[in-house]
Amino acid sequence: MSEELNHLVNKNAQGRRPQFLNTKTEEHLLSMTMALMQELAVTRERLDTLERVLEAKGNLTTEELKSYRPDETAESERQEAQRRLIATVMRSIEQEKHALEDLAAPEVSQLHVVSDDEKVA
Amino acid sequence: MTKTSSSLPPAWHHVEQHDMFPEHDHDDVARFNFIASMNKYLSQTLGAGNELSYEKRVLPALQKELRREPRSRHEIREAMNRDPYHRIWSAAKRNTMEQRQQISRSIVLPQADALAEKAADLIEAAGNLELDPALEIPPYIKSVDHHCMPGSYHTELVDDDVSAGANYDMGMFATTGGAMGKLTDMAGCAVVDWLRDEYPNFKPKRILDIGCTIGHTVLPIAAAFPEAEVIAIDVAAPVLRYAAARAAALGINNVRFVQASGEDLSRFDDESFDMVYTSMFLHETSNSAISIIMNQIYRVLAPSGLSLHLEQPSYTDEMPLYEQFIRDWDAHNNNEPFWSRLHDTSIHGEMQASGFAASDLFVAKVASASVTEGPEDHGRGAAWHAYGAIKGE
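Those protein sequence lines, which keep their order, are chains G and V.
The first sequence begins at 1156 in this note's numbering and counts up by one.
The second sequence begins at 260 in this note's numbering and counts up by one.
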């Protein structure tokens, strides 16, 4: 099933990602800002389409927009749209999580395991 | 080609919606519109700031530090990588590459099965695909995801997968701001125009494209020589399946897509092609591969045959160091590890080593008619250096 591939949409590209800015945090903030800009541009284009189509049909009233309530189908479509928007904006952090997932676990011997004796002491 | 002013890329809905093209909606189009506009803004509006910063503060500081002029693009890169302007510009540009991948993956992956089925039907009817599941993916493809393309060309996600090809096809129009045309075929069109001008009597009977990806460059060449038998090879099955289905959808029926490496053309007889070419392919190979590929090409090329290789210009001593540095951006920041080395390599030297005489060699500038005025978006414009040779009798 293709839906099972959804988790691969935000997959990292194999290869070292350069760090351009001072900190990882700055990199994430820039990535999020750019994704937000993208999604704002998309929203504006959608609104523009909506307004032009409705105006051409001559049947838009402000009251209709204000009182609109989505039906069940529309509601689930909108919630899914919300999820996708968030996954898009949060991509860079998700990718860092993928990198953490791929990171080898440290050898047990490197861990300082607190023994029961030490706890008592 | 859609005509727009140089500052505004064409809207993405002008892309050719052939039968194999993935389904997409209003907001997908708007996302690609954003990417194309952002790329244009980064190259045309902000791009020049890099050179300003270099000339006004980075170079003077570097001269002081070195007590001499910089001697290589690498010295310039190290200094520029400390410059705040170049860093934020590079960071933004890298993000557009990553965003472009995410956009098309979010469209293609949910319909991967449907696309695979559609492609299988088109391929079965056309009979234009020959896969070799035993083919080893070369290390230069396997070890890095070129231009930030997760899974690269070869990763299979579903049975009969075409998603890598579909992903590639969707994004090119946005990445290049439409400069490669509605079918991303401007390189092929430019070669056809150039051949008509320079060699009007050249009528190749057999043509080989090495590293064809989705066949976007080979189709206009095949269409220009409808009598020719055209073979397009690539190592990656997902892009080849998509290429074969796409060619069928576009009604081009004289191209056979074959899964094979340019390093092993043993399936083809000596002197059996009149034209062998690559387009923006050599920079995704390796030092050792390029010698082997050139030797293979020389062997399969018939006397008076044409060997032609489209790339961005090599870094010669005549090219200013700053230009070398900025042309090298993709090598270090867009997962193109061989880009830098290739442009230091003499493609002509490799061709000569394979058997061509020095007098057989030429370099030509080929460009699409749609090339826009204004600052160059290095590596993404529809203009190439063609390193070529005609094999002596």
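Please note that the accuracy of each hint is not assured.
To be verified - Here are the simulated lysine-lysine pairs, DSS-like style, with alpha carbons at most 25 Å apart:
id, chain 1, residue 1, chain 2, residue 2
1, G, Lys1179, G, Lys1166
2, V, Lys377, V, Lys299
3, V, Lys315, V, Lys352
4, V, Lys352, G, Lys1252
5, V, Lys352, G, Lys1179
6, G, Lys1166, V, Lys352
7, G, Lys1166, G, Lys1252
8, V, Lys650, V, Lys464
9, G, Lys1252, G, Lys1179
10, V, Lys401, G, Lys1252
11, G, Lys1166, V, Lys401
12, V, Lys624, V, Lys650
13, V, Lys441, V, Lys315
14, V, Lys299, V, Lys650
15, V, Lys377, V, Lys441
Hints in this document: simulated from the structure, not taken from any laboratory.
Compare the distance between the alpha carbons of lysine 1166 of chain G and lysine 1252 of chain G with 25 Å, and conclude whether the hinted pair is satisfied.
Holds, because 10 Å separates the two Cα atoms, which is no more than 25 Å.
Lysine 352 of chain V and lysine 1179 of chain G were given as a pair; does the straight-line alpha-carbon distance stay at or below 25 Å?
Given pair lysine 352 of chain V, lysine 1179 of chain G holds - Cα atoms ~17 Å apart, limit 25 Å.
- Restraint check for lysine 315 of chain V with lysine 352 of chain V, where alpha carbons must lie at most 25 Å apart: holds (22 Å)
For a C-alpha distance cap of 25 Å, please report whether lysine 650 of chain V and lysine 464 of chain V respect it. Roughly 16 Å separates the two Cα atoms, so the pair holds.
Taking 25 Å as the top limit, are the C-alpha atoms of lysine 377 of chain V and lysine 441 of chain V close enough? Roughly 21 Å between the alpha carbons, so the hint for lysine 377 of chain V and lysine 441 of chain V holds.
Check: Taking 25 Å as the top limit, are the C-alpha atoms of lysine 352 of chain V and lysine 1252 of chain G close enough?
Finding: holds (22 Å)
Within a Cα-Cα threshold of 25 Å, do lysine 1252 of chain G and lysine 1179 of chain G meet the stated pairing?
holds (13 Å)
* Asked: Can the restraint linking lysine 441 of chain V and lysine 315 of chain V be considered satisfied, given a maximum Cα separation of 25 Å?
  -> violated (40 Å)
Hey, lysine 1166 of chain G versus lysine 401 of chain V, does the alpha-carbon distance stay inside 25 Å? Roughly 16 Å between the alpha carbons, so the hint for lysine 1166 of chain G and lysine 401 of chain V holds.
ask   = Does the alpha-carbon distance linking lysine 1179 of chain G and lysine 1166 of chain G stay inside the 25 Å limit?
value = Roughly 18 Å separates the two Cα atoms, so the pair holds.
Just to be careful, I want the Cα atoms of lysine 401 of chain V and lysine 1252 of chain G compared with a cutoff of 25 Å; is the pair within it? Answer holds: lysine 401 of chain V to lysine 1252 of chain G is near 23 Å, not above 25 Å.
**Asked** Do the alpha carbons of lysine 299 of chain V and lysine 650 of chain V lie within 25 Å of each other, as the hint requires?
**Response** Roughly 41 Å between the alpha carbons, so the hint for lysine 299 of chain V and lysine 650 of chain V is violated.
Checked against the numbered hints given earlier, the structure breaks hints 2, 13, 14 and satisfies all the rest.
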